[in-house]
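Visitor: Take these sequences, add in the hints, and give me the full structure.
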Amino acid sequence: MAEMKKINVQWAINHAIAEEMRRDPSVFIIGEDVGGPGGPFGVTRGIKAEFGPERAVDTPISEGAIVGLCCGAAAAGLRPVAEIMFMNFITLAVEEFYNQGSKMRWMFGGQVKQPFVVRAMTAGGFGAGPHHSSSLEGWFASMPGMKVVMPSNAYTAKGLMKSAIRDDNPVLYVEPLSSYTIKQDIPVDEYLVPIGKAEVVTQGSDVTIVSVGRMRLEAEKAVAKLKADGINAELLDLLTVNPLPMEDIYASVKKTNRLVIIHEAKEVMGIGAEIAASVQEKLFDWLDAPVARCAAPFTHIAFQPLLEKHYLPNADKLVAKVKGLMG
Amino acid sequence: MAEMKKINVQWAINHAIAEEMRRDPSVFIIGEDVGGPGGPFGVTRGIKAEFGPERAVDTPISEGAIVGLCCGAAAAGLRPVAEIMFMNFITLAVEEFYNQGSKMRWMFGGQVKQPFVVRAMTAGGFGAGPHHSSSLEGWFASMPGMKVVMPSNAYTAKGLMKSAIRDDNPVLYVEPLSSYTIKQDIPVDEYLVPIGKAEVVTQGSDVTIVSVGRMRLEAEKAVAKLKADGINAELLDLLTVNPLPMEDIYASVKKTNRLVIIHEAKEVMGIGAEIAASVQEKLFDWLDAPVARCAAPFTHIAFQPLLEKHYLPNADKLVAKVKGLMG
Amino acid sequence: MKISKDVKIDLYTRMVRQRIFEDETTVNFASGEMPGFLHLSQGEDAVPAGVCANLSNEDAIYTTHRGHGCIIAKGAEIKPMMAELFGRIDGCCKGRAGSMHFADVKTGCMGSNGIVGEGMRIALGTAFAQKYNKTNNITVVFFGEGATGTGAFHESFNMAATLKLPLVFVCNINLYAQMTPKSVHIAVEDVAVRAAGYGAPGVTIDGNDVEKVYEEFAKAAKHARAGKGPYLLECKTYRHHGHFEGDPCNYRPEGELEEWMKKDPIVLYEKKLKKEAVLTDKEMQAIKDTARKEVIDAVAFARASAMPEVEELYKDILA
Amino acid sequence: MKISKDVKIDLYTRMVRQRIFEDETTVNFASGEMPGFLHLSQGEDAVPAGVCANLSNEDAIYTTHRGHGCIIAKGAEIKPMMAELFGRIDGCCKGRAGSMHFADVKTGCMGSNGIVGEGMRIALGTAFAQKYNKTNNITVVFFGEGATGTGAFHESFNMAATLKLPLVFVCNINLYAQMTPKSVHIAVEDVAVRAAGYGAPGVTIDGNDVEKVYEEFAKAAKHARAGKGPYLLECKTYRHHGHFEGDPCNYRPEGELEEWMKKDPIVLYEKKLKKEAVLTDKEMQAIKDTARKEVIDAVAFARASAMPEVEELYKDILA
Ligand SMILES: Cc1ncc(C[n+]2csc(CCOP(=O)(O)OP(=O)(O)O)c2C)c(N)n1
Ligand SMILES: Cc1ncc(C[n+]2csc(CCOP(=O)(O)OP(=O)(O)O)c2C)c(N)n1
Ligand SMILES: [Mg+2]
Ligand SMILES: [Mg+2]
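Protein chains in written order, with my numbering: chain A, 1 to 327; chain B, 1 to 327; chain C, 1 to 319; chain D, 1 to 319.
Because the hints were derived from the structure by calculation, they are not lab data. Just to be clear, a hint being listed does not mean it is correct.
Below 27 Å or equal to it, Euclidean Cα-Cα: the simulated DSSO-like pairs (lysine-lysine) are [claimed, not checked]: (1) B:K323 / A:K254; (2) A:K254 / A:K225; (3) B:K317 / A:K282; (4) D:K262 / D:K282; (5) C:K79 / B:K113; (6) C:K164 / D:K182; (7) A:K254 / B:K321; (8) A:K321 / B:K254; (9) D:K164 / C:K236; (10) A:K48 / D:K134; (11) C:K182 / A:K48; (12) A:K282 / B:K282; (13) B:K282 / A:K254; (14) D:K288 / D:K106; (15) B:K254 / A:K282; (16) A:K282 / B:K255; (17) A:K254 / A:K317; (18) C:K236 / C:K275; (19) C:K315 / B:K282; (20) A:K162 / D:K315; (21) D:K315 / B:K317; (22) C:K315 / A:K321; (23) A:K113 / D:K315; (24) C:K5 / C:K288; (25) C:K164 / D:K236; (26) C:K222 / C:K134; (27) C:K228 / B:K48; (28) C:K288 / C:K236; (29) D:K79 / B:K309; (30) B:K162 / C:K315; (31) A:K183 / A:K221; (32) C:K79 / A:K309; (33) C:K219 / C:K8.
Guide: Following this line, the structure appears as structure tokens:
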């Protein structure tokens with residue numbers, strides 16, 4: 001059996017980056033505070049000490065320029081790993097993802113590659129309020145020419161980061177701040193988690209639950225509760241939201257004939273909308289119930305703890321959604 | 001009968017703005033080239049001459065600052081009507097819509113209103129290439145606290161613009177560049193087209209077609225073709241994509257039991273995804289076929305005419321989609 | 001410029017009220033009673049005081065994530081501010097949004113901001129409206145030296161210059177943006193030199209000297225009120241606390257904080273006021289006591305205020 | 001600085017090749033054979049020529065929506081460029097993206113851009129890689145005065161300065177951004193003064209004097225290659241055509257174009273070369289004939305090239 005080690009999500013990300021930097025001198029980190037303190041939460045701490053300031057680059061507060069720099073450096077053959085900090089700040093770099101990084105290879109007739117990773121945190125549950133708690137992966141799931149991954153725990157965080165760094169396309173890597181300190185046993189030896197495949201967390205026959213990012217934790221709790229009530233849920237952790245691993249979802253729904261998607265982002269125009277639309281189109285005759293979504297309501301996230309709690313999806317809400325379908 | 005006048009889409013927009021500026025001194029226009037030449041396509045020509053440079057303000061190329069200025073001016077009681085030109089450039093003002101304008105009223109406990117309009121053109125069919133032809137309304141449909149309208153012809157262009165200017169919230173007004181010169185008879189007297197309601201263009205019993213923006217033209221053609229084949233389609237022109245007029249869609253689908261959405265934006269994560277997801281959830285037992293989408297593929301739009309044509313949805317593709325549902 | 005006794009007392013009072021509010025906040029946050037994310041500005045108190053003593057309620061300010069001081073100096077009521085920090089329904093924003101999203105429109109506090117630099121872009125609009133409506137009012141936007149790296153800084157300054165808007169840019173140099181020193185953000189010593197690139201005046205001053213801030217800002221305000229466009233005032237200061245409450249500050253060089261504590265703007269000003277016989281120790285203490293009572297009352301008010309009902313989440317989304 | 005005869009001929013040839021390419025493009029666009037949206041740069045030819053004569057294929061350039069001239073001057077092959085404009089499969093970008101999205105990586109042409117200002121942000125990355133890899137190469141980004149209003153300009157210049165990247169900013173002042181005059185975009189006479197705000201050199205020159213451009217850019221390149229960080233070179237010039245082909249140009253004051261036609265950089269240089277006896281009329285004509293033949297051949301090549309199959313739409317999306 002593989003040797004295992006207990007590690008939290010933050011360190012899993014840190015180790016993945018450090019391992020890849022040791023492996024490949026073209027990998028470097030860049031962003032606000034990433035060098036000295038290792039980012040506001042210390043995710044990249046130690047990197048500058050090990051690899052030097054040339055490979056751990058602190059920048060001014062210029063999100064657009066950070067991602068723009070990634071595009072140019074990647075076209076020139078480097079492999080930047082940038083940090084954008086809270087995902088809300090990515091509004092300032094939508095241009096560089098949408099019109100530049102994701103289109104460049106196609107526009108230029110395949111002349112360049114765009115191997116860069118941008119890290120951004122979703123922070124629901126952290127009480128950080130409307131300018132620091134958004135989940136905006138939906139916008140980036142609408143962009144061909146790039147990838148979006150959403151790890152859910154230390155294992156997937158490490159394996160997806162390593163895959164993201166080795167990928168030759170822009171990868172938006174979405175980190176769950178509220179899970180940073182959650183620990184898990186993960187292999188000591190190198191492993192990768194592939195981009196573009198969902199993980200089957202639990203097998204089940206009654207209903208498929210697709211979880212996105214840190215909502216896996218809530219989904220796992222829900223699965224246990226449902227089991228106690230005699231409902232066998234199959235849980236898929238989506239892991240990648242662009243390109244969406246639809247085949248994995250179809251395979252599961254063909255088995256269970258029911259589907260609920262849970263994500264921290266809003267329901268309206270969230271990933272769940274695209275999944276539901278595709279599944280009902282593809283598997284219309286397989287579905288025993290409508291595809292349901294357990295997601296945030298169409299309002300803003302509050303810093304106020306009670307309001308924030310009400311806003312966010314959780315295991316209980318998911319259980320209720322599932323039971324609504326079992327009818 | 002009301003007196004009518006033939007007018008094209010461009011002038012309809014122009015007249016709506018001018019009428020509102022005459023009515024309300026707090027309305028002004030702002031943007032790149034909006035004053036002197038009246039924008040690159042002349043949509044606001046004559047406004048500066050009539051209302052003076054104080055109310056027709058040319059700015060530097062700073063999309064973020066233009067929309068930021070709108071937020072501040074609106075909070076101070078003015079009613080800016082800004083132009084962002086091609087919708088691709090709105091990437092540079094996503095921040096001001098997402099974190100600022102759409103949230104400000106809620107964040108500040110209702111202390112301010114945000115009555116501003118931002119005009120942006122979608123330009124599919126114009127051969128303008130990947131940096132000038134995008135349809136990005138989906139991102140803004142994901143934002144509570146603002147509205148998004150998509151006129152389809154001169155009548156709706158004028159009536160929606162007037163409603164948008166009178167609305168107390170940020171309104172993104174999406175103009176169909178490729179339809180600018182299409183003429184239509186519209187009333188000479190003042191009228192408004194309400195935001196948040198779809199227009200029933202043709203009544204039908206076999207299938208509901210929901211069109212978005214300039215795709216109404218293609219849908220109208222498709223309805224005629226289908227009629228010739230004995231299929232009675234009900235056509236709804238969506239007009240507003242945030243908030244989505246779901247009740248209007250539900251009412252129609254309850255009648256026809258079938259639904260196809262056509263839009264120029266990509267299928268993946270487009271407005272059609274949200275509509276399909278909601279309709280199958282709400283009307284699962286009413287649907288005789290899966291909800292279908294006729295939209296752009298998951299790639300980039302080309303300047304090359306053959307590739308652009310292949311990329312864009314049209315009447316023939318829509319007819320095929322509808323026939324696929326009639327089984 | 002001769003500063004009157006009344007103004008001196010006013011400047012002192014504004015600083016003291018900020019400081020006591022922030023110190024009390026520190027305590028309530030540390031105890032866990034106050035939720036969220038807090039960025040405090042003890043040590044930078046002279047800048048808001050000196051600036052806002054030149055402003056009326058019709059003048060507008062925009063501030064940052066570190067904005068309590070500015071809003072208090074501008075004259076917002078303290079009770080609703082404290083209730084906001086506690087997440088209560090009587091908060092100035094109904095307890096929804098907290099520290100980084102304060103606004104008090106009636107006193108011209110048009111918003112704090114969680115997005116670095118964005119206050120500058122929005123401030124353009126208030127300044128635009130002030131000019132459009134032919135008023136004599138001005139807008140002030142506060143920001144840190146970190147924010148000078150943003151596109152927002154440049155777009156806003158440039159647009160304010162081309163449109164000749166009555167907008168004063170007040171940059172607080174507190175040596176750090178989060179944990180990163182100023183040199184990472186700015187390749188020149190004084191950011192004020194950038195104003196020349198927009199044809200505007202730019203002045204660098206000691207931000208811990210409240211009278212200096214008062215006098216220099218008066219010039220900036222005069223310039224803006226006269227329709228001459230934007231002005232950049234750079235104030236060198238220091239924050240005593242971490243970037244956010246809980247920040248261990250291990251990026252600070254040994255002794256740096258101690259040096260700056262000696263230059264605490266309130267301590268410096270107390271010495272001066274005493275020397276000039278403007279206020280006695282006792283009088284200063286009275287001002288502090290009044291402020292403390294006000295803050296303590298505000299905490300009581302906040303504690304007594306109800307939590308918002310979940311329906312609040314769905315109100316005020318659209319007008 | 002003494003400019004050799006070879007260099008002079010080279011500068012002349014670079015200008016002529018740009019001009020003839022653009023003039024031919026004008027004809028093919030007007031006839032309707034060439035699809036899309038075209039922004040041409042006749043009249044600005046001296047800037048790319050003077051700059052690129054200082055660069056090798058290992059140096060990189062970024063240009064704008066008005067970028068044909070830069071790419072030709074940098075040395076890209078003309079046939080694939082013309083085929084791209086015709087939307088053919090042998091185009092430098094396989095005919096997909098056209099005029100505003102040219103790239104020719106092997107000659108260091110890293111991209112035109114349809115989004116004003118964005119080339120600057122991306123250029124940071126190439127310059128970063130050149131430094132990271134410890135090369136002696138540099139990156140040049142061309143942009144217009146309209147682009148100086150963008151946040152991209154400031155973020156890029158500031159970051160290039162703080163990271164000391166080998167990046168030269170070349171600003172073409174052609175008096176207009178679309179239909180709007182320079183004064184709407186910039187509140188100062190010379191944008192070069194902004195460089196001081198980043199601790200970098202900024203120089204304003206006559207952009208219609210190709211030797212001046214050559215010499216001044218040589219200084220900028222030297223600065224950048226020496227690891228001293230960014231440099232701003234502002235070149236005053238004029239575009240003979242409209243903002244885009246089809247623009248009626250009714251925003252131009254009477255006589256303005258005529259004045260500038262007298263300062264046509266090619267005409268000026270021909271006089272100089274003749275006066276200095278570097279080239280005779282006949283020799284200049286021969287250079288033009290060669291260029292024209294090359295362009296005519298490129299048109300034939302483009303016409304003979306196939307239209308892309310629709311499958312092309314789905315290739316090269318992900319690597
Ligand atoms: C656009 C954006 N980028 C990054 C952040 C994270 N952040 C919050 S405060 C801060 C530093 C701001 O420094 P400065 O402007 O000097 O203000 P100070 O905190 O020193 O008062 C950063 C990077 C943010 N809030 N917004
Ligand atoms: C971000 C963005 N905003 C607006 C436009 C529309 N636009 C295209 S060219 C142009 C003017 C550019 O002026 P300048 O930088 O001086 O370059 P020039 O055209 O004069 O060469 C504008 C506003 C755009 N392409 N991108
Ligand atoms: Mg600071
Ligand atoms: Mg120009």
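Visitor: Flag every earlier hint the structure violates by its number, smallest first.
Guide: Hints that this structure does not satisfy do not exist here, as all of them hold.
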